[in-house]
Amino acid sequence: MSLLEVRDLRVSFGRRKIEAVRGVDFEIAEGQRLGLIGESGSGKTVTALALMGLLPENATATGSVRLRGSEIIGAPEAALARLRGDAVSMVFQEPMTALDPTMRVGRQVAEVLRLHQGAESGPARERVVSMLAEVGLTDPTRIADAYPHQLSGGQRQRVILAMALINSPDLVVCDEPTTALDVTVQALVLQKLDEVLTASGAACLFISHDLAVVSQVCDQVLVMLDGEVVEAGTVAELFTNAKHPYTRGLVATARLDQTRPGQRLPTVEDFYAPGTQVGGPQ
Amino acid sequence: MTEPLYRAEQLTRRYRNGGTEVLALDHVDLTIEPGRRLGIVGESGSGKSTLVRLLAGLDRPTSGRIWFEGTEITTLPERRLGFLRAAVQMVFQDPRSSLNPRMRVGEIITEPLRSRLVRRQLPDGIDHATRLAEVLEAVDLPADSGGRYPHEFSGGQRQRIAIARALAPKPEILIADEPVSALDVSVRAQVLNLLTDLVAAQGLTLIVVSHDLMVVRHLCDQLAVMRAGRIVEQGDTETVYTQPGTDYTRALLAAIPRIRTVGQAPSR
Numbered sequence: 021m022s023l024l025e026v027r028d029l030r031v032s033f034g035r036r037k038i039e040a041v042r043g044v045d046f047e048i049a050e051g052q053r054l055g056l057i058g059e060s061g062s063g064k065t066v067t068a069l070a071l072m073g074l075l076p077e078n079a080t081a082t083g084s085v086r087l088r089g090s091e092i093i094g095a096p097e098a099a100l101a102r103l104r105g106d107a108v109s110m111v112f113q114e115p116m117t118a119l120d121p122t123m124r125v126g127r128q129v130a131e132v133l134r135l136h137q138g139a140e141s142g143p144a145r146e147r148v149v150s151m152l153a154e155v156g157l158t159d160p161t162r163i164a165d166a167y168p169h170q171l172s173g174g175q176r177q178r179v180i181l182a183m184a185l186i187n188s189p190d191l192v193v194c195d196e197p198t199t200a201l202d203v204t205v206q207a208l209v210l211q212k213l214d215e216v217l218t219a220s221g222a223a224c225l226f227i228s229h230d231l232a233v234v235s236q237v238c239d240q241v242l243v244m245l246d247g248e249v250v251e252a253g254t255v256a257e258l259f260t261n262a263k264h265p266y267t268r269g270l271v272a273t274a275r276l277d278q279t280r281p282g283q284r285l286p287t288v289e290d291f292y293a294p295g296t297q298v299g300g301p302q
Numbered sequence: 027m028t029e030p031l032y033r034a035e036q037l038t039r040r041y042r043n044g045g046t047e048v049l050a051l052d053h054v055d056l057t058i059e060p061g062r063r064l065g066i067v068g069e070s071g072s073g074k075s076t077l078v079r080l081l082a083g084l085d086r087p088t089s090g091r092i093w094f095e096g097t098e099i100t101t102l103p104e105r106r107l108g109f110l111r112a113a114v115q116m117v118f119q120d121p122r123s124s125l126n127p128r129m130r131v132g133e134i135i136t137e138p139l140r141s142r143l144v145r146r147q148l149p150d151g152i153d154h155a156t157r158l159a160e161v162l163e164a165v166d167l168p169a170d171s172g173g174r175y176p177h178e179f180s181g182g183q184r185q186r187i188a189i190a191r192a193l194a195p196k197p198e199i200l201i202a203d204e205p206v207s208a209l210d211v212s213v214r215a216q217v218l219n220l221l222t223d224l225v226a227a228q229g230l231t232l233i234v235v236s237h238d239l240m241v242v243r244h245l246c247d248q249l250a251v252m253r254a255g256r257i258v259e260q261g262d263t264e265t266v267y268t269q270p271g272t273d274y275t276r277a278l279l280a281a282i283p284r285i286r287t288v289g290q291a292p293s294r
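Sequence order for the protein chains is A and B.
Residues 21 to 302 (the numbering used here) make up the first sequence, in order.
Residues 27 to 294 (the numbering used here) make up the second sequence, in order.
Some hints here could point you the wrong way.
Restraint ranges, calculated between C-beta atoms of paired labels, are given here [as the list claims (entries may be wrong)]: (1) E114(A) to R174(B): 25 to 31 Å; (2) E248(A) to L49(B): 48 to 54 Å; (3) E146(A) to A280(B): 47 to 53 Å; (4) L49(B) to T117(A): 25 to 31 Å; (5) E59(B) to T260(A): 38 to 44 Å; (6) I38(A) to A277(B): 44 to 50 Å; (7) Y41(B) to G51(A): 43 to 49 Å; (8) T57(B) to E114(A): 37 to 43 Å; (9) A277(B) to A153(A): 21 to 27 Å.
Simulated coverage check for chain B against chain A, where a stretch passes if three residues somewhere in it have a Cβ under 8 Å from a Cβ of chain A [stated by the list, open to error]: (10) 208-217; (11) 228-239; (12) 270-282.
Quick caveat, the hints were computed from the structure, so don't treat them as lab data.
Every residue gets a Cβ at the ideal spot worked out from N, C-alpha and C, and that includes glycine.
My request is simple: use the sequences and hints to build the entire structure.
Here is the structure:
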């Protein structure tokens with residue numbers, strides 16, 4: 021049995037039932053890292069929210085999402101709350117909005133621990149400081165006593181990473197975790213994510229619009245387009261031998277270094293025109 | 027020798043942030059010749075946005091001087107900066123926040139033409155509707171876009187609207203501050219192609235601020251690397267890329283995410 025099994029997941033919004041996710045199937049094994057790429061509006065974030073039971077109230081989800089065999093779709097909120105932060109946790113794009121600006125970050129990380137493990141505050145503090153050190157924050161004691169605004173973007177994102185990992189979840193869902201960061205900080209955060217995932221053995225679903233970023237953490241990738249998974253494979257396969265024209269377009273646009281400066285860059289439209297029917301593998 | 031487009035000497039900008047003083051720009055010298063494409067790279071807080079805001083006349087230096095086409099702009103009062111406002115236009119990072127959501131796209135694009143300061147610099151009888159149609163065509167947006175609102179457009183299209191607005195008063199210089207970093211990779215190529223074409227077709231001088239060295243390499247022939255308020259390296263783009271002269275530039279280059287496949291050593 022896989023850690024996570026998603027079967028014919030469909031999510032629609034509002035009274036008009038506009039489908040954002042249209043029949044998605046995939047699995048994640050224990051410790052496996054799966055990348056999910058696609059552009060804005062392709063349904064990647066909605067898929068992630070469905071896995072966490074975090075869809076907004078106007079959304080309707082059908083199909084099946086099983087985490088360790090227990091069904092998420094339609095599960096009561098109390099059961100979902102126990103799962104979140106314990107069996108599965110999430111790292112969002114914008115660290116400033118995911119942290120409470122009025123609370124010292126150490127307390128915020130400790131709260132996750134207390135909620136799920138009922139830890140005492142003394143030992144909790146030690147766990148928090150060692151977790152902050154694990155995600156590569158130098159001077160973790162000082163960081164634990166700081167407020168979010170006193171930290172840089174990269175430090176904040178690593179605090180979020182510490183929060184996501186402190187309960188040793190089986191699965192960490194990362195949604196564009198480095199998109200708001202500088203390239204140098206992005207490289208550091210990706211490296212730390214890689215290290216802590218390796219150390220904890222947690223599985224990861226890593227969402228990004230950038231194939232190069234996904235390839236830093238994952239070997240297996242799903243490509244989403246208009247609510248459907250149009251291709252799945254290893255980074256190497258997609259990169260050298262993509263089957264779907266849209267994937268070929270994504271690969272081509274991701275590589276600025278393949279075009280001479282000033283020359284026209286390839287676009288997705290050169291490979292795939294939206295709305296066209298695509299036959300089988302070409 | 028002809029006068030450079032921009033000449034900046036010993037530019038320094040200090041801010042007070044609460045009780046602490048921040049030195050955002052530290053004695054920067056810079057010359058920009060007309061028709062060049064200059065990229066300014068560095069991390070958040072390196073001073074790159076502060077520098078271009080000073081060049082655009084949106085902020086004043088604490089000390090130091092800037093000449094634009096031989097005229098010193100650092101001492102001029104706002105009411106006499108009309109020539110600069112017409113000649114220099116900016117495109118910002120996030121078109122969601124830089125476009126007024128309550129204005130129709132047509133009003134947004136022609137707004138610079140209605141500015142009292144800029145108006146006096148424009149040729150008499152410039153027709154707003156004609157100019158709107160011209161710039162919409164230049165950025166490849168449908169001719170009927172003017173009557174719609176920004177939220178009806180995708181992220182890439184909104185950045186085209188921002189570029190159309192910048193082009194409206196026929197500027198000589200386009201300053202783009204992180205023009206594609208809020209966009210999907212798939213849309214990025216389109217906007218970069220558009221910028222390349224426009225700069226060539228209209229003979230613009232381009233200044234691009236970015237933390238993404240690949241974007242700057244693609245767009246620019248000259249490069250300035252900034253760190254902690256100073257320009258630490260400067261030169262011809264290809265030379266800086268292929269033979270970086272400082273460890274800092276080498277670190278920036280090494281941080282660019284590259285597609286990594288199984289069996290390949292990590293690129294970091």
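Against the structure, the hints come out as follows:
no.	hint	result
1	E114(A) to R174(B): 25 to 31 Å	holds, 28 Å
2	E248(A) to L49(B): 48 to 54 Å	holds, 52 Å
3	E146(A) to A280(B): 47 to 53 Å	violated, 35 Å
4	L49(B) to T117(A): 25 to 31 Å	holds, 29 Å
5	E59(B) to T260(A): 38 to 44 Å	holds, 43 Å
6	I38(A) to A277(B): 44 to 50 Å	holds, 45 Å
7	Y41(B) to G51(A): 43 to 49 Å	holds, 47 Å
8	T57(B) to E114(A): 37 to 43 Å	holds, 38 Å
9	A277(B) to A153(A): 21 to 27 Å	holds, 23 Å
10	208-217	holds (count 7)
11	228-239	holds (count 3)
12	270-282	holds (count 5)
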